[in-house]
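Residue numbers (this note's numbering), protein chains in the order written: chain V, 1 to 673; chain S, 1 to 194.
Some hints here could point you the wrong way.
[To be verified] Across the chosen pairs, the derived CB separations fall in these ranges: (1) V:ASN409 / S:ASP25: 27 to 33 Å; (2) V:GLN532 / S:PRO166: 34 to 40 Å; (3) V:ALA284 / S:LYS36: 54 to 60 Å; (4) V:GLU503 / S:GLN131: 41 to 47 Å; (5) S:THR19 / V:ARG78: 52 to 58 Å.
Hints listed in this document are in silico derivations from the structure and should not be mistaken for laboratory results. A quick note: this is a predicted structure, and the numbers were derived from the prediction, not measured. C-beta atoms are modelled at their ideal positions from N, C-alpha and C, and glycine is treated no differently.
Here is how the chains run, residue by residue.
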Amino acid sequence: MAETKEEPRIGVFICHCGTNIAGSISIEEVKKYAETLDGVVVADEYQYMCSTPGQSMIIDAIKEHNLNGIVVAACSPRLHEPTFRTATQEGGLNMFRFEMANIRDQNSWVHMHDWEGATEKAKDQVLIAVAKARMLEDLQPKSVPVEHSALVLGGGVGGMQAALDLASAGIKTYLIEKAPTVGGRMSQLDKTFPTLDCSQCILTPKMVDVGRHPNIELRTYTEVEKVEGYIGNFTITLRKKARGVLDPTEALERGIVGGGCNGCGDCAEVCPVIKPNPFEMGMAPRKAIYIYHPQVMPLLYTIDFDSCVKCGLCVDICGPEKRAIDLDMVDTFEEIKVGTCILAIGYDYIPIEQKKEWGYKRFDNVITGLEFERLICASGPTGGHLIRPSDGQTPMKVGFVLCAGSRDNTGGVNKPYCSRFCCMYSLKHAHQIMEKIPGAVPYLFYMDIRSFGKMYEEFYYRIQNEGAKFIRGRVANILEDPITKNLIVNTEDTLLGRPVSMEMDMVVLAAAVQPTPESEKIRQMFGVSKSQDGWLLEAHPKLNPCGTTTAGIYLAGVCQGPKDIPDTVAQAEGAASAASIPIHTGEVQLEPYFAQCMDDICAGCGLCLQQCPYGALDLIEKNGRTVMEVTEAKCKGCGTCGGFCPGGAIKMQHFTSPQICAQIDAFLLKGGE
Amino acid sequence: MARVKEYGNAELEEKLRDTSYYANDSNPQFLEDVKKLSRTAANMCYQCGTCTGSCPSAPRSSYRIRLFMRKGVLGLEQEALNDPDLWLCTTCYSCTDRCPRDLAPTDVIMAMRNLAFKIDIVPRNFLKTVQLIYNTGHGVPNNDVNRAARVKLGLPADPPTTHSYPEFIPGIQKIMDFYKMKENADRILAEESK
Numbered sequence: 001m002a003e004t005k006e007e008p009r010i011g012v013f014i015c016h017c018g019t020n021i022a023g024s025i026s027i028e029e030v031k032k033y034a035e036t037l038d039g040v041v042v043a044d045e046y047q048y049m050c051s052t053p054g055q056s057m058i059i060d061a062i063k064e065h066n067l068n069g070i071v072v073a074a075c076s077p078r079l080h081e082p083t084f085r086t087a088t089q090e091g092g093l094n095m096f097r098f099e100m101a102n103i104r105d106q107n108s109w110v111h112m113h114d115w116e117g118a119t120e121k122a123k124d125q126v127l128i129a130v131a132k133a134r135m136l137e138d139l140q141p142k143s144v145p146v147e148h149s150a151l152v153l154g155g156g157v158g159g160m161q162a163a164l165d166l167a168s169a170g171i172k173t174y175l176i177e178k179a180p181t182v183g184g185r186m187s188q189l190d191k192t193f194p195t196l197d198c199s200q201c202i203l204t205p206k207m208v209d210v211g212r213h214p215n216i217e218l219r220t221y222t223e224v225e226k227v228e229g230y231i232g233n234f235t236i237t238l239r240k241k242a243r244g245v246l247d248p249t250e251a252l253e254r255g256i257v258g259g260g261c262n263g264c265g266d267c268a269e270v271c272p273v274i275k276p277n278p279f280e281m282g283m284a285p286r287k288a289i290y291i292y293h294p295q296v297m298p299l300l301y302t303i304d305f306d307s308c309v310k311c312g313l314c315v316d317i318c319g320p321e322k323r324a325i326d327l328d329m330v331d332t333f334e335e336i337k338v339g340t341c342i343l344a345i346g347y348d349y350i351p352i353e354q355k356k357e358w359g360y361k362r363f364d365n366v367i368t369g370l371e372f373e374r375l376i377c378a379s380g381p382t383g384g385h386l387i388r389p390s391d392g393q394t395p396m397k398v399g400f401v402l403c404a405g406s407r408d409n410t411g412g413v414n415k416p417y418c419s420r421f422c423c424m425y426s427l428k429h430a431h432q433i434m435e436k437i438p439g440a441v442p443y444l445f446y447m448d449i450r451s452f453g454k455m456y457e458e459f460y461y462r463i464q465n466e467g468a469k470f471i472r473g474r475v476a477n478i479l480e481d482p483i484t485k486n487l488i489v490n491t492e493d494t495l496l497g498r499p500v501s502m503e504m505d506m507v508v509l510a511a512a513v514q515p516t517p518e519s520e521k522i523r524q525m526f527g528v529s530k531s532q533d534g535w536l537l538e539a540h541p542k543l544n545p546c547g548t549t550t551a552g553i554y555l556a557g558v559c560q561g562p563k564d565i566p567d568t569v570a571q572a573e574g575a576a577s578a579a580s581i582p583i584h585t586g587e588v589q590l591e592p593y594f595a596q597c598m599d600d601i602c603a604g605c606g607l608c609l610q611q612c613p614y615g616a617l618d619l620i621e622k623n624g625r626t627v628m629e630v631t632e633a634k635c636k637g638c639g640t641c642g643g644f645c646p647g648g649a650i651k652m653q654h655f656t657s658p659q660i661c662a663q664i665d666a667f668l669l670k671g672g673e
Numbered sequence: 001m002a003r004v005k006e007y008g009n010a011e012l013e014e015k016l017r018d019t020s021y022y023a024n025d026s027n028p029q030f031l032e033d034v035k036k037l038s039r040t041a042a043n044m045c046y047q048c049g050t051c052t053g054s055c056p057s058a059p060r061s062s063y064r065i066r067l068f069m070r071k072g073v074l075g076l077e078q079e080a081l082n083d084p085d086l087w088l089c090t091t092c093y094s095c096t097d098r099c100p101r102d103l104a105p106t107d108v109i110m111a112m113r114n115l116a117f118k119i120d121i122v123p124r125n126f127l128k129t130v131q132l133i134y135n136t137g138h139g140v141p142n143n144d145v146n147r148a149a150r151v152k153l154g155l156p157a158d159p160p161t162t163h164s165y166p167e168f169i170p171g172i173q174k175i176m177d178f179y180k181m182k183e184n185a186d187r188i189l190a191e192e193s194k
C-alpha cells in the first residue's frame, strides 16, 4: 500500500566466499562503490556472509543504522536467500526487505580470469540490487493447510515401499499402477544380486501388504489423467481403465451380493483368444482375459479389449452368482485430493535391435537380460530350463554383452550414461548358468565391471572363482552360423591385445535402460523437469535427491536415474519421509509472490482470465463494479497476467513494475536521469 | 632416467631393455595435432576394443588400432609414428561406424600418417604409389592381364579414367605438386637408395 514513503536506508554486504568471489573481484572496490549509491547507509564485506558472524553483521547493522533494506552480494538465492531472509527478520525487518545480487555463479565463476571486467559487473549487479531494495515492501507469506493424504504413482518396488512407509506413518495413500497388478520390473526377475534371494519371494510380502494395508487405496489398471493444484492441495483425476471384470466391492455396488472376481481362472480357460504375455516378454501365451502370473495383486482378471472378440464364453462360465465380467465396461474417472505426490514410474529398455551389429531380433539365440530372467525363472515359460530359442537345446557356452547401449555416445537409441545394474545382473546370470547347467561356461564381454555396492565386489570374486570367463573388450559384432544358429562374437581381448572370435550357443545383451514412454507426459502433468538424458530431475543431486523443483512432488527409483533394488528402496523411503513432512506439519508457507488486482484501476474486462495457466483468476462484483480477484493459493506468480493487463491493473508482488523499471533504469542510466 | 645399462653386449642390451615409458616420453602437442588433423576428439578414447574387434586387418596382422588411439592419448609420438603397423589400415571405417564414443579412429590413423609423412616416415610402397598416380593417374595402373580380362568380359581394354583420357593427368599432377607429394616421394626414395 502507498503508505508514508519512508526514506530508503539500505545496507550492502559483500561476501568473499573464500576466494570464490574475492579471487576474481575486487571486494574493496565494490564496497566503496556501494557506499556512493543513493540510499545506501552502510556497506561492509566479510569472508563468509552465510556464517554466524556474517549473519550477525546484518542483524547488528539493521539495529545500529536503522536500516529498512538489505542487499547481500554473494552466491545464488537458491542457496542462501532463506539464510539471509532469516537474518533480516532477526534484525527486526520484514524478511522480504532483502535482495540478493548473485556475484558468484553469475559473475566470478564465469569471469574467473577477468579481474577488471568482473569487478565492473559486480558493481552493476550491486547497483541493480540496491535500486530494487529502495522500493521493497513488507509482504506476508501465506500459509495453506495440507491435505492429509498422498499419492504414489507406480506400483513397482519403489512405489510400494514409499506407499507402505507413508501409510504406516498414518497417511492415507493412493497407490496408482497402470498395469493390472503391482510388482513392476522386480516381479519379472528370477533372483536378486548379490544375495541370490528369489525376487518374487521377497517382493510378494510387500505386494500382499499394499493390498491389505488399511491406509492404502490401491488403484491398479489406472492412470493419472489430470493434475491440478499445488503443494498441500493437489486435485488429481484418475482414469480407471475398463478392466471388464468387477472386484467383489464393485460387484456389491451393483447389487451383486457375494459376487465379483475371485480369481478362479475359469474364464481364461474358455477364452478362445491367445496373445503373447508381456510379463513373460512375449515368450508365453495369455488369453484375452488374463492375469500376468499367479501371484498378482490384486488377484483379479483383466480383459484386453483390444483383442477380446466379445464371444461371451467367459461371461457364461463365470456364472450368475459371481457375475464378475462386464464386456461393456468403459473407463471411469475418479477425483482424489492429496497433499503430496511421489513419482515412482520406473524405466524401460532401449530398443536394442536398433544396434544392428548385435543382431537382436535377427538372430534367434540373441536375447536380452530380461528375457534371460524369464527363461531361467522356475515359474517362467520354460519352468526354469534355459534353452536356446532356435532349437530348444541347452546352451553350454553363453556370451554376455555388457554395456549394450550404455556408455555409448552415438546417436539414436544409445545412452551416454552407465545403466548401473547390468554388471551385477550379468554376474548373477553367469552364476545361474553354472549352477543350473553343469559344465556350462559363461563368457562376460565387458569394459569395466562396476561392482560398487555392499558385498558386490565379493560377489564378483565369487563368480570368477566359480569359473566364469571375463574378456575385457566391448563386442564389435555378432554373426550367426546359419545352419547351427550358433553365434560368433567378435571383439578384442584388450588385455592381451588380440582379436577374439568366439562361437557361443547363446548371447545375452545387457541392454541399456531409458525413461518409460509415459515419462514425458507424466512429468509435464506434475510440472517436473528432466535432466539432459531424459530422467526426471531431482531438486539437488546431493542435498535433495528425492525432491523436485515443484513443491510437493517427490521422486523414487529409476525414474530419477538408473538404480538397483537397494538404492530404489532407499530412495523410496527417503521420498516417503520427505513427502510426509508437509502432511504432518499440517500447513505449508507459500511465498507471497502472487498477483494482486488494483481494484480502482481494473476495468473488469476479464481478458486476463484466459491468460492464467493455473485458473487462479475470477471476476467478482465489488462495490458495484466488476473487478478481477486472485485466488492466492492457486497463483504461482508467473506474471503472465501482470504483463498482459491492458490497464496495468495487476501488481506482481515482489516483482512490481516500478521495482523492475527501477532496476532497468539503474543499469541503463547508471544512477543518472 | 637411467635407460641405457651398457652391458657391452648388444643381445643382452636388447633383452634387458627398459620398456617403461616416462613422463617426458609424452609429447602433449602430438595429441593436439592428431585432434586437429583428424577432426575427432581422439583424447576421448576409453579403450573398449570395439575398433580392433571390428578391424578386418587385426586378425591378419599385428595392426591394433586401439593401441594407436592409446599412443595418441598418451602423446607417445615417436612410438606411434615409427610403428610400421600404422600403414596397415585399409580405411574401411568399420571402427568409426561402431565406436561407442562416436570417434573416428580411421581419421586418427590418417592424421598420424600425415604427421609421419612430414618427418619422412613413410613406407616405400606408398611412395611408389605416389609416383604411379603422378605418372598415370592410378595407384594401380592397368596392365596386360587386366586388359585381357576386361576384353573377355566385353569391356573396353582401358577404363574411362586417365587411361582413356590422359589429358587429365596434368590436372592431377598440379594438385600433387601443390602438396609437394611427388617431389618428396622422389627425394625420400633417392635418399633411401643412397
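Would you say the C-beta atoms of GLU503 of chain V and GLN131 of chain S sit inside 41 to 47 Å of each other?
-> Taking Cβ atoms as reference, GLU503 of chain V and GLN131 of chain S lie about 46 Å apart, which means the hint holds.
Pairwise beta carbon distance, ASN409 of chain V to ASP25 of chain S, judged against the given window 27 to 33 Å = At roughly 30 Å between Cβ atoms, ASP25 of chain S and ASN409 of chain V fall inside 27 to 33 Å, so the hint holds.
Status of the given 52 to 58 Å range, CB of ARG78 of chain V versus CB of THR19 of chain S = Holds, at about 53 Å.
CB of ALA284 of chain V to CB of LYS36 of chain S, is that within 54 to 60 Å?
-> Because 57 Å falls inside the window, the suggested range holds.
Beta-carbon spacing of GLN532 of chain V to PRO166 of chain S - inside the hinted bounds 34 to 40 Å or not = Violated, since GLN532 of chain V and PRO166 of chain S (Cβ atoms, about 57 Å apart) do not stay within the stated range.
Taken one by one, the earlier hints fail for this structure only at number 2.
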